[in-house]
Amino acid sequence: AQTVTQSQPEMSVQEAETVTLSCTYDTSESDYYLFWYKQPPSRQMILVIRQEAYKQQNATENRFSVNFQKAAKSFSLKISDSQLGDAAMYFCAYEGGSTLGRLYFGRGTQLTVWP
Amino acid sequence: DAGVTQSPTHLIKTRGQQVTLRCSPKSGHDTVSWYQQALGQGPQFIFQYYEEEERQRGNFPDRFSGHQFPNYSSELNVNALLLGDSALYLCASSLEEGATVYNEQFFGPGTRLTVL
Chain A
1 AQTVTQSQPE MSVQEAETVT LSCTYDTSES DYYLFWYKQP PSRQMILVIR QEAYKQQNAT
61 ENRFSVNFQK AAKSFSLKIS DSQLGDAAMY FCAYEGGSTL GRLYFGRGTQ LTVWP
Chain B
1 DAGVTQSPTH LIKTRGQQVT LRCSPKSGHD TVSWYQQALG QGPQFIFQYY EEEERQRGNF
61 PDRFSGHQFP NYSSELNVNA LLLGDSALYL CASSLEEGAT VYNEQFFGPG TRLTVL
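Sequence lines, in order, name chains A and B. Here the working numbering is used: the first residue of the first sequence is 1, the next is one more, and so on. Here the working numbering is used: the first residue of the second sequence is 1, the next is one more, and so on.
A hint or two may mislead.
[What the hints assert, rightly or not] Pulled a few chain A residues facing chain B out of the computed Cβ check, cut under 7 angstroms:
| hint | residue |
| --- | --- |
| 1 | Arg43 |
| 2 | Gln44 |
| 3 | Met45 |
| 4 | Phe91 |
| 5 | Gly101 |
| 6 | Arg102 |
| 7 | Phe105 |
| 8 | Gly106 |
| 9 | Arg107 |
| 10 | Gly108 |
Since the hints were made in silico from the structure, they are not lab data. From a predicted model like this one, the values you see are computed outputs, not experimental measurements. For glycine and all other residues, C-beta sits at the position ideal for the given N, C-alpha and C.
With the hints as constraints, model all of the structure from the sequences given.
Put into structure tokens, the structure is as follows:
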């Protein structure tokens with residue numbers, strides 16, 4: 001079964017600084033997607049960034065970038081120039097293979113941004 | 001363009017009761033998935049509906065059932081409620097465009113269910 005592990009329950013960062021959130025996953029599939037979702041107090045799950053496993057290039061979306069290490073099954077999120085609005089719960093998620101359409105989530109990392 | 005909507009926002013029930021949660025997908029979407037998010041946990045997949053059929057199901061008991069209507073909206077029903085069913089229930093919708101295109105899931109704001 002696919003599993004997603006986030007080992008950092010909480011992280012904090014100073015405004016304008018950079019922070020990295022960690023995620024590891026386990027799968028026997030070769031074709032899959034990885035995601036980082038943001039869940040603010042409003043509870044709405046928002047997609048931050050997506051990485052296709054077949055792509056060697058790391059995905060980037062403005063201040064958000066990932067470090068995808070397929071052999072190590074590692075998928076970290078780097079947030080540059082952190083802003084107060086980045087404060088939220090961040091979930092790493094997996095989707096792929098025979099269960100395409102089903103997202104598997106980690107337990108989340110609560111990010112605090114200090115002014 | 002309306003996003004995914006869910007009703008009600010909050011709900012309080014007692015053990016043994018039955019509950020129905022509702023979801024309207026994003027305009028143009030035809031696939032609906034339901035997730036349960038217990039406090040302090042990541043969401044867990046309950047099931048997915050496409051063309052009014054349950055296409056995939058997670059590891060949830062038969063007390064959890066669903067339905068998709070011809071207009072693609074969906075209901076999640078939970079019978080014989082347990083204290084452990086207290087959670088945020090999230091609905092996500094997507095458009096089925098085939099295996100060669102990634103079908104992004106868009107989430108609603110959720111329904112907070114409390115079982116007393």
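Hint check results:
1. A least Cβ separation of about 5 angstroms between Arg43 of chain A and chain B falls short of the 7 angstroms threshold, and the interface hint therefore holds.
2. Interface hint status for Gln44 of chain A: upheld, as the beta-carbon distance to the closest one in chain B is roughly 5 angstroms, under 7 angstroms.
3. Here the hint on Met45 of chain A is kept, as its CB sits about 4 angstroms from the closest CB of chain B, short of 7 angstroms.
4. Checking Phe91 of chain A against chain B by beta carbon gives a least distance of about 5 angstroms; that is within 7 angstroms, so the hint holds.
5. Because the closest C-beta pair between Gly101 of chain A and chain B is about 6 angstroms apart, less than 7 angstroms, the hint holds.
6. With a least beta-carbon distance of about 5 angstroms to chain B, the hint placing Arg102 of chain A at the interface is held under the 7 angstroms criterion.
7. At a threshold of 7 angstroms, the smallest CB-CB gap from Phe105 of chain A to chain B is about 3 angstroms, leaving the interface hint in force.
8. Among the interface hints, the one on Gly106 of chain A holds; its C-beta lies about 5 angstroms from the nearest C-beta in chain B, closer than the 7 angstroms criterion.
9. Checking Arg107 of chain A against chain B: minimum C-beta separation of about 5 angstroms stays under 7 angstroms; hint holds.
10. This hint holds: Gly108 of chain A has a C-beta 5 angstroms from the nearest C-beta of chain B, less than the 7 angstroms allowed.
Violation of the numbered hints given earlier is absent; every hint is satisfied by the structure.
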